[in-house]
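For the sequence shown, my numbering begins at 1 and goes up steadily by one.
Treat the hints as calculated values from the structure; they're not laboratory data.
Errors might be hidden in some of the hints.
[To be verified] Label-pair ranges, simulated between beta-carbon atoms:
#1 Glu228 with Ser329: 40 to 48 Å
#2 Ser266 with Arg375: 31 to 39 Å
#3 Arg217 with Pro197: 22 to 30 Å
#4 Pro197 with Ser266: 28 to 36 Å
#5 Arg112 with Arg213: 27 to 35 Å
#6 Asp140 with Glu23: 23 to 31 Å
#7 Arg217 with Arg58: 39 to 47 Å
#8 Glu206 with Pro316: 41 to 49 Å
#9 Val338 with Phe114: 29 to 37 Å
#10 Gly325 with Ala170: 16 to 24 Å
As the structure is a computational prediction, the values presented were derived from the model and not from experiment.
The C-beta atom is built at its ideal place from N, Cα and C for all residues, glycine as well.
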Amino acid sequence: MARIAMKVYDLQWFTTFGMHYDEAAAALREDGVDLVLTQNRIDPLPSSGVDQAGYLARYAERIQSYEDAAWIDALRRAGLGVEQTTATFFAPEALAIFPDARPVNADGEPDRGFDWYVGICPTHDGYLAWKIDRLRRVVDELTPDGLFLQFTRFPGFWENWIPRYRISNADRFCFCDRCRLRFAADEGIVLPDGGVPVQATKILTEHGEAWTRWRCRRVLEAIKRIAEGVGADRRGLRIMLNTLPFPASDFDGMNVRREIAAQDLSLLAKRVDRFELMTYLQILARPADWIKTVVTDARRQLPADREVVCTLQVAPLYTDGMHEGRGRSRSISADELVLAATTALDAGADGLVFYHWTDFLEDEAQGGRKRAVLREIARG
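Please take these sequences and the hints and turn them into a complete structure.
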């Protein structure tokens, strides 16, 4: 039987659908879920592609009664595993505390973000210490089975990287003073006089592979610091990493996951137990067969004892406003969900993650059959 994880990042089960803790936990169990990736109020997830403002305002009074510990206790009574989720290098509010943590691209432009997203430079020690302090509280107070690290990479709105997308200097981070000077010192490189574009050009044209390796090591270093900071080994906490899905063959063989996001799977396997591949077919405008290449590519880079899971979308995203006209489908059918799940498991994925439970609940409320399909997938 495949392992099924569910992202439960919002509280609509508690508000919109009026469920109590044990009722919701039992429902997840009946849906075939055995691992819940959840959020908490100690280190809350920032707003992202799913706007939560509406229901939070509408159910403000009920929200006040919600307790993280009560939710986790209910999940455990239902026999479910619990991993707390953190957005490692995505924290817009932290930029007010650490303004020099704002990343700079290869054109010398500070990252002003795209849509809801703005990154954090992974080499900012003060920010990372701030994040680890919050995670230490999460682990001490909520005692999860593991940590699910999202946004643990160099910045980039990867959701835009559909097949026709062209990577540019605007996608290459981070060339802030701290990153450039530390890289030059670590690698024994003398940078030319001039501004960021001049030095970035030197780095990319003459030291491109060294730059990629250096940035990949910084991501691994951050994960190690988080694991050590929360006592992961002592507590037996598993580390799950939110990983860009792109195989090395995409984008004319550029290997954007490693070169742009600085996620080197073989290197990260030194500290990550489970790799989540964000195989969001509708967002990325890819066919189901693409998942085979994704899983095969990841497996090739990882030792046999590291798990690989695929995340599947339940509902479509990024079809309107600034995202309109990019060729994304406006729907995801129950049959398409089955096809994606079957393709991932047949390709050798150790399990599936679904984003997210509210989409299943809403589809069922509208007479859809996605939740019934979820239970069929879980039964194998």
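Verification of the supplied hints:
no., hint, in the structure
1, Glu228 with Ser329: 40 to 48 Å, "holds (43 Å)"
2, Ser266 with Arg375: 31 to 39 Å, "holds (36 Å)"
3, Arg217 with Pro197: 22 to 30 Å, "holds (25 Å)"
4, Pro197 with Ser266: 28 to 36 Å, "holds (32 Å)"
5, Arg112 with Arg213: 27 to 35 Å, "holds (28 Å)"
6, Asp140 with Glu23: 23 to 31 Å, "holds (28 Å)"
7, Arg217 with Arg58: 39 to 47 Å, "holds (46 Å)"
8, Glu206 with Pro316: 41 to 49 Å, "holds (43 Å)"
9, Val338 with Phe114: 29 to 37 Å, "holds (32 Å)"
10, Gly325 with Ala170: 16 to 24 Å, "holds (19 Å)"
Checked against the numbered hints above, the structure breaks none of them.
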